[in-house]
Amino acid sequence: IELRPHRAVYRLRLMNAEVGSGVVDASGAMVFEWAESCDSWIVRQRARFDMFGPEGNSVRTEVSFSSWEHKTGDRYGFNLRTLQDGNVVEDLRGEAKLDGDEEGGSATYTRPEAETVGLPPGTLFPAGHTRLLIREALAGRQRIMRPVLLGQREDEPMTVNAQISERKDGTLGASGKTGGSREALANDPLLAQPSWNMALAFFGEEDDMLPAFEIRETLYKSGVVGDAQVIYDEFSLGYRLEQIEALPAPHC
Numbered sequence: 017i018e019l020r021p022h023r024a025v026y027r028l029r030l031m032n033a034e035v036g037s038g039v040v041d042a043s044g045a046m047v048f049e050w051a052e053s054c055d056s057w058i059v060r061q062r063a064r065f066d067m068f069g070p071e072g073n074s075v076r077t078e079v080s081f082s083s084w085e086h087k088t089g090d091r092y093g094f095n096l097r098t099l100q101d102g103n104v105v106e107d108l109r110g111e112a113k114l115d116g117d118e119e120g121g122s123a124t125y126t127r128p129e130a131e132t133v134g135l136p137p138g139t140l141f142p143a144g145h146t147r148l149l150i151r152e153a154l155a156g157r158q159r160i161m162r163p164v165l166l167g168q169r170e171d172e173p174m175t176v177n178a179q180i181s182e183r184k185d186g187t188l189g190a191s192g193k194t195g196g197s198r199e200a201l202a203n204d205p206l207l208a209q210p211s212w213n214m215a216l217a218f219f220g221e222e223d224d225m226l227p228a229f230e231i232r233e234t235l236y237k238s239g240v241v242g243d244a245q246v247i248y249d250e251f252s253l254g255y256r257l258e259q260i261e262a263l264p265a266p267h268c
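Residue numbers (this note's numbering): 17 to 268.
Just to be clear, a hint being listed does not mean it is correct.
List time: in silico SDA-like cross-link candidates among lysine to any residue, alpha-carbon distance up to 25 Å [said to hold, decoys possible]:
hint	residue 1	residue 2
1	K113	F81
2	K237	M214
3	K184	I247
4	K87	N32
5	K184	E199
Just so you know, the hints here were simulated from the structure itself, not pulled from any lab data.
Let the sequences and hints guide you as you build the complete structure.
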């Protein structure tokens, strides 16, 4: 499975919210960069969005995330910082290693405090999980469950239950409107290829019947994520792909 280096820009908006959630609107943007070195995948992600309450009050959230993952799939480093109205509410940093698919591994955090936690057998890091999803989708399989360390929460690894739809060829996804810019996106080589709708449910250690959150996304064979929706308990956010560009591959 060949994952293609790319930079994607998403427009963020509120999809729905339950009465009493305290959220009546949301808007923002996210820039996601998937780069490649000779031995690793490198992710840089920046998001800024405003959540509005029923009385006009708002909270601005800014998220900065970066990670590297060795192409052998056995080492991973991550750094997450989240601000709300300028105040730090999350500061997470660490590295992880796997001793083998049957042995599991460990994650060592240096922030918010020094701690080492065990990783169960079968744990994957994000690029490895994406490759697995595409490989299983190409094989026609419809469901797969694995523990995944994202490096974005303190209760990881999370068990990810993925349901895979039937294959589509060269489509951008149904959640966005048609028009000039969307038609141009659909013809981009990164998107003019097979894709699948994925429904991913993320379970933490303390989650039993209901997941901590869900992601519904269009995943392309290139590794690009098209339109997506992140579903929480009381509201959900939509991510609409606005721009996509290929990043150069390394000369190794």
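Hint check: K113 vs F81, CA-CA at most 25 Å. Holds or violated? holds (19 Å)
Would you mind confirming whether the straight-line C-alpha gap from K87 to N32 stays at or under 25 Å? violated (38 Å)
Is the hinted pair K237 and M214 satisfied, with a Cα-Cα distance of at most 25 Å? This hinted pair holds, its Cα atoms lying about 12 Å apart.
CA of K184 to CA of E199, is that 25 Å or under? Roughly 16 Å separates the two Cα atoms, so the pair holds.
Given the proposed pairing of K184 with I247, does the C-alpha separation stay at or below 25 Å? holds (23 Å)
Of the numbered hints listed earlier, the single one contradicted by the structure is hint 4.
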